[in-house]
Amino acid sequence: MVNDLLFNKFKEKAESVNAEVYRFKDKHEAIKFILAFLEEGNFKSSDFNWLNNSFLNDSDKRYISEKFPGINFEVSLQSATQAKVGISEIEWAIANSGTLVHDATSFDSRIISMLPEVHIAIVSTSKLLEDLASLLNRFHPQKAHYLAFITGPSRTADIERVLTIGVHGPERLIIVFVDDMGC
Amino acid sequence: MIWGVKMVTAAFKQSIEKALKNLTLRTALGKFAEAYIVAREKAYSGINFEQLRDRISEIKADSAPKLKELALEFKKNAEANGAKVFIANSPDEAREYILKVAKQRGVKKVVKSKSMASEEIHLNPYLLEAGMEVRETDLGEWIIQLAKHRPSHMVLPAIHLTKEEVAELFTKEVNEKVKSDIPQLVKIARRELRNVFLSADMGITGANIAVAETGSIVIIENEGNARLVTTLPKIHVVLVGLEKLVPYFSNIVPILTALPKSATAQICTSYFSIITGQTPNVDGTLKDLHIVLLDNKRTDMAKDPIFKEALQCIRCASCLNVCPVFCLIGGHVFGSIYTGGIGTILTAWFEELKKCEDIQGLCIQCGRCRDLCPGKINIPELILELRRRLEKEKGPSFLQKTFFSIIKNRRLFHQILRNASKVQKPFVKEGFIRHLPMFFSSLTEYRSLPPISDTPLRDRLLRFVQPDFDEKVVFFAGCLIDFVYPEIGESVIKVLNKAGFTVLFPQEQGCCGAPANYSGSSEVAYELAKENIEAILRLKAKYVVSACPTCTTSLKYDYIFLFKTTGHEDMLPKAEIVASKTYDFSSLIKVLINQQRLEPEKIRDFKEVTYHDSCHLKRRLHVYREPREILEGAGYEILEMYEADMCCGMGGYYSLKFPEISSPILERKLRNIKNTNAKLVVMDCPGCLLQIRGGFDKKSEPIETRHIAEVIG
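Chains as they are written, first to last, in the numbering used here: chain F, 7 to 189; chain Y, -13 to 699.
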């Protein structure tokens, strides 16, 4: 399968820059994985902020709310500032550099990937592309006013050239590929 | 020859001395430079760098002459998406515009992400003076802002500070005792600056690319601070130099491919942000987006037939990272915002030519940066052009004038050398001058000098009997082989005799002119070039050979360039004939071996050797396989040294002008040679030989140093 090749390449490249990469066959497994991650980390409902676009349907939200009562699917500056974990969907992924590409024109979708210490990005496996050039062929900047390319977590080497992960952006980037995004 | 020393001001010498004494800086830069080469290579694996930089330089070279048009197109398209675009001719105009926007909107707090253009126009002090709070948010920039320093490196601005120094700065800033633990320091920066982002009224960023077709700006970063600066405050000001403009959106692909790899040896940085027009704020209103396109002489530069090339720069700073001089002294010595090779050129244009008078001399002309520049800028050549223009503007110094009037007069120059061979006698011991008195003393502090030969090659050859073959080779000796190392010249002749050539030595040949040419004295170089070309062409020969790569480069390339640029096109046909016949020694020998006209002598006293690549041979003549193949063919085993093609620090008169820089570069070379455990180091250049042999003698290190002609002859 073409996507296996692309996924493997993506995983190798993204992990080499400290991203964590997972792949699940459908949405339910992906949700279960994310919830298990939150439980393991002893996160409370107020510790994470899940920006829902089209990924979650009502029954998914109910399922999540049972485990984390009071979870907020709306993002605000306040909620994103407080959240330790931000969860959002990302539209594209570039295999040869391990990069996520996101139309971050909406303010909420931008801050949810910027402010929390952990960013969990959900991507459809079918949206994996080979390289930057093949992405730019499908896309025009007039349509996305803020296009964000994300390759691994935030990093710096400004003090004594020592690579340190997590400065102003997330210190962990967890990428969850989903083969079947349907219900 | 101390004329060179006098060309540099005392204050400049002091700043070099200060930088050389800063061990933190030297260690950090040195380690970075070593790691960079390896990591850069890895980042580019699987990519055809030559093709990539052809594409980038093509895009940028096409854009350079139409920066103004591109700016107007950018303005139209960005404004169609709600941005406001201001084209600033000068730093003043840019600063005033930004301050006006800030005042109109009652801005009190400004957050910035890294922007060299904002440093170029000294924006921070200007806004601070107007009563605003301005905070840099890139970690390195924030650190130097707290330290009140200038950036010491374009990409790594705080590389001159240790974690202990950073901890001290943070302790003062946050009023709590901060430990010198790097992850902890980074956490403190995150915590402290987070509130600053959230409370700022205005964000100021630079941009790496501006796309005319769409009015988009592209920002490349790792920390995520630029993302916050462009998102949280309701006003965003972008300050970007006109040279960042490209016509088409698709043009960003090669630049985005190269920039992270060349800048920080990353395949990709953590974030690229492409912003096209206004985006929503937290409250749903649209961002107040101002894009200031800064000219500040860039369009003048575009009109200059030679310097327009510098607009191909994508500001990766790889010319700093690979520069043997920059890695020793860092950026502060450059005294301006832009540092290193490209910085020297930009300083001359963005400020004034006079500003680069001292710093242009720092370039040792090794050419390492030229090979790795993703914009394909011939930085060493542009620096030479600065030299030429400085000389035109100011005229040569008295000492320089005297020196060149001597070398221009071959008979006088040679007479002085002959006299010197007698005067030097009291200082010569075991074939070296190890100490010189008084103001000459610095010349022999770190390396011994060879004495001038009693009998120069030109005199020895009057008595040298050669077989008379039909085929002839003209030998261009150059000053060092003629007057200092005549025995190398004799070896060259013996080898060529063995291959069935009679070697002709035109007595009218003189200095190749490189010292004059490389210090900007084109007219002096022209006269020497003309004399040499005529002398060579007076004799009929199949080949012209030189055993000095610098002389070879002169004969093969520099003379043609010189005749073209000094308006002596009448000399071009002759120069081209000479160029087409000219070979460096190793290349000619390799040809003769391939033709089975020559078999090199088999090994005599050494089995293992190491080979030093001379700058002009490797990077101007692209010869590095040939000498190795010759040595291997002769049965030697080559133990490759680390950084074999790194400059030895000689650089002609550079080592007289900056012995304090030449010395540590040599030191590094000697260490790399020693580490191979080879007892013989071979090279093709008599200049490198002078430097390396003198260095080992000074250390009483029993490592043999030989020119390749002496090894195989």
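Hint data in this document are derived by calculation from the structure and do not stem from the laboratory.
One should not assume that every hint holds.
To be verified - Quick list of in silico lysine-lysine cross-link-like pairs, PhoX-like style, CA-CA up to 25 Å:
(1) K684(Y) to K665(Y)
(2) K149(F) to K173(Y)
(3) K684(Y) to K149(F)
(4) K50(F) to K173(Y)
Evaluation of the provided hints:
1. K684(Y) to K665(Y): Distance of about 16 Å is within 25 Å: holds.
2. K149(F) to K173(Y): violated (36 Å)
3. K684(Y) to K149(F): violated (68 Å)
4. K50(F) to K173(Y): Between K50(F) and K173(Y) the Cα gap is close to 23 Å, so the pair holds against 25 Å.
Violated hints for the displayed structure, listed by number in ascending order: 2 and 3.
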